[in-house]
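Chain by chain, the residues:
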Amino acid sequence: MTKPVSSQPSTSGLSDIKGKIGQIPIIRRNSFVHGYLSVLVLYALFLLPASGSPEAVDLSRILLFCLLFLVWAIIIFTDELKSEKLKTVVVFSIFAIAAWLFYRYSSARWGEMGFLFFNLEIIQKAWPTLVEGFWTTLFLAVCAAIMSTIIGLLMAIFRSFNNAVLNVFIIAYVDFFRAMPIIVLMMLIYYALPFMGIRLSAIMSGILALGLNSSAYVSEIFRAGFLSIKRGQIEAANALGLSAVQTMRLVILPQAFRVVIPPLVGNYVASAKDTALASSISIIELLKAGLSQKSLLANPSPLIFITVLYLFMFVPLTRFSGYLERRMKASQRQVRL
Amino acid sequence: MSKMSDPETMIEVVDLHKRFKDLHVLNGISTVVKRSEVVAIMGPSGSGKSTFLRCLNRLEEPSSGHIYIEGVDILAPYIDVNRVRTEIGMVFQSFNLFPHLTSLENIKLAPMNVRKISKKEATERSMALLEKVGLVDKADAYPEQLSGGQQQRVAIARALAMQPQIMFFDEPTSALDPEMIGEVLDVMRAMAKEGMTMMVVSHEMGFIREAADRILFLADGLIVEDGTPDQIFNQSKHERTIEFLSKIL
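Heads up: the protein sequence lines correspond to chains A and B, in order.
Under our numbering, read the first sequence as residues 168 to 504, first letter to last.
Under our numbering, read the second sequence as residues 1262 to 1510, first letter to last.
Heads up, a few of these hints could be off.
Some but not every residue of chain A turned toward chain B, in silico, with C-beta under 8 Å [what the hints assert, rightly or not]: (1) Q291; (2) K292; (3) N334; (4) A346; (5) I349; (6) S395; (7) E402; (8) A406; (9) G408; (10) L409; (11) Q413; (12) V418; (13) P421.
Computed cross-link-like contacts, SDA-like style, restricted to lysine to any residue with a CA-CA straight-line distance of at most 20 Å [as the list claims (entries may be wrong)]: (14) A:K397 / B:H1361; (15) A:K249 / A:S260; (16) A:K397 / B:E1432; (17) B:K1377 / A:I191; (18) A:K397 / B:P1360; (19) B:K1295 / B:P1268; (20) B:K1295 / B:A1451; (21) A:K397 / B:K1508; (22) A:K440 / A:K397; (23) A:K397 / B:A1451; (24) B:K1282 / B:P1268; (25) B:K1377 / A:K249; (26) A:K440 / A:T316; (27) B:K1377 / A:A411; (28) A:K397 / B:K1282; (29) B:K1377 / A:S410; (30) A:K397 / B:E1321; (31) B:K1295 / B:E1486; (32) B:K1454 / B:G1409; (33) B:K1282 / A:A331; (34) A:K397 / B:G1326; (35) B:K1380 / A:T485; (36) A:K397 / B:R1319; (37) A:K397 / B:T1489.
The set of hints was computed from the structure by calculation and includes no laboratory data.
Every residue gets a Cβ at the ideal spot worked out from N, C-alpha and C, and that includes glycine.
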């Protein structure tokens, strides 16, 4: 009795689906997509407001155009039957439309862009100062990295002794410098300490603030590195008669360094980017050099130039640290297998 | 104290206790191990076998009692524990090879840095030991490239490189696949034949029957029985021993 009842709906469901095969929904049909596109073109030609500043034009008409265009793009992207080539064209058209709308309605002085942003004559004049700023930035970054590595490593080693009192001080240090905004720390060192008679040069203050901040992170990174080493490693070293210092130098550190290098490089890059904060205590590093030359020459080209320079320095470095991290993870997986 | 002066006595343990907070792991162990003796330590899990062994080279600090190695009280405050450990080779259940070093580097690390022998001499000695454990061709392989049995043989060679008087084995074959146990036990048999003083925590009945001079049977942190393999395996009257052996046989 129950068998036919349960089998009947499933057969009728199957025939239902069969009846629909071969019918493509309206929005998936090519004629619909092409028609939609021609509506968009007509909209752009006749209904979009004339170019002008954003305050003056009819924003709602622009927004409606964007919305319609995005719906069209989504229809194509969600269709598995559309070719990859078409989808690639749509991606580029999204960027092109965005750029075109920005160009049309931002009311920027596009004609003068070469003179204002990419003025080689101005950059030539600013060049000596910018180069000096670049070296100062590099000097700050390298000194802060060296300082933070030494302090951070020592703190992590002291932390590994697991002395309760020592730990309280180290944890307080790490908490303090991780919580403290670098720029506040710089101002404290450069503007507040002189009242107490502690006078440090701007460069020294900058290095100190960057290094202290970074050292808190570095010590945590090294600590994690030490913790990643298995107890058996230390026991094996002890059983062989290696002293505590030898165990640290020959067994723990070489293994910890491998674990630690990817996050360490990432930290150096982050710290190097923070050197721009040193401009706030009148250090002529790259940003300050660019700003001063912009004011002096009344042209923002130096700022554009240093932006490009920052990108050229840090894009490869961030890529590199990402690569190290991926390689680290891959090798860990191998060891576990 | 008379035993201490006996040159045949290698290890003497007197009333050894070990407590972890409220947990009494060792409850007064006393025994003597003679030179060239091979002593197997057996017992149910949690009986204190590993802790006992680890107290003898002070990887664990005993709570009370005395340990004399070649007549020297190694718990005395003036003792350099690292010096003591150079005389005792230790092989662990989980091998504990240094993963950043090759087999050869693993073996010569301690002789070069603790014994301060030259790199050339250390390399020669290490290669000889690799030959002894049958792994000369794996000298430049890293631990992760070796099988468990090969890793454990390198670990044995590493311990032997310090030319210790005594060798401790803490369940050396427990982490190995069955087909690799034999190659490790072969190396250990050869060492026993050469007259090495050995203390072995293991349940490898075949090996113990053949190579061990004595068995210490531990339960609840005490030596329940102490006798030859024949006495323990075939003639034991002790309830705990019989019950345990019936489970592992």
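Structure-based check of all given hints:
1. Q291: violated, 52 Å
2. K292: violated, 53 Å
3. N334: Violated, because the Cβ-Cβ distance from A:N334 to chain B comes to roughly 21 Å (cut-off 8 Å).
4. A346: violated, 35 Å
5. I349: violated, 35 Å
6. S395: Since chain B brings no Cβ nearer than about 11 Å to A:S395, farther than 8 Å, the hint is violated.
7. E402: Interface hint status for A:E402: holds (6 Å vs cutoff 8 Å).
8. A406: This interface hint holds because 4 Å falls under the 8 Å limit.
9. G408: With Cβ-Cβ at 4 Å, under 8 Å, it holds.
10. L409: holds, 6 Å
11. Q413: Since the shortest Cβ distance to chain B is 5 Å, the answer is holds.
12. V418: Holds, about 6 Å.
13. P421: Since the shortest Cβ distance to chain B is 5 Å, the answer is holds.
14. A:K397 / B:H1361: Answer holds: A:K397 to B:H1361 is near 13 Å, not above 20 Å.
15. A:K249 / A:S260: With Cα atoms ~16 Å apart, A:K249 and A:S260 stay inside 20 Å; holds.
16. A:K397 / B:E1432: Cα-Cα ~18 Å, so holds.
17. B:K1377 / A:I191: Not OK: B:K1377 and A:I191 at ~82 Å, beyond 20 Å, violated.
18. A:K397 / B:P1360: holds, 11 Å
19. B:K1295 / B:P1268: Measuring from Cα to Cα gives roughly 9 Å; hence the hint holds.
20. B:K1295 / B:A1451: Status holds; Cα separation ~18 Å.
21. A:K397 / B:K1508: violated, 33 Å
22. A:K440 / A:K397: violated, 35 Å
23. A:K397 / B:A1451: At roughly 31 Å apart (the allowed maximum being 20 Å), B:A1451 and A:K397 break the hint.
24. B:K1282 / B:P1268: violated, 37 Å
25. B:K1377 / A:K249: violated, 73 Å
26. A:K440 / A:T316: holds, 17 Å
27. B:K1377 / A:A411: holds, 16 Å
28. A:K397 / B:K1282: violated, 23 Å
29. B:K1377 / A:S410: holds, 13 Å
30. A:K397 / B:E1321: holds, 17 Å
31. B:K1295 / B:E1486: The given pair, whose Cα atoms are some 18 Å apart, holds under the 20 Å limit.
32. B:K1454 / B:G1409: The hint is violated at about 24 Å.
33. B:K1282 / A:A331: Holds: B:K1282 and A:A331 sit about 19 Å apart, inside 20 Å.
34. A:K397 / B:G1326: Status violated; Cα separation ~30 Å.
35. B:K1380 / A:T485: Violated - the C-alpha atoms of A:T485 and B:K1380 are around 41 Å apart, more than 20 Å.
36. A:K397 / B:R1319: holds, 19 Å
37. A:K397 / B:T1489: violated, 37 Å
Comparing the model with each earlier hint shows violations of hints 1, 2, 3, 4, 5, 6, 17, 21, 22, 23, 24, 25, 28, 32, 34, 35 and 37; every other hint is respected.
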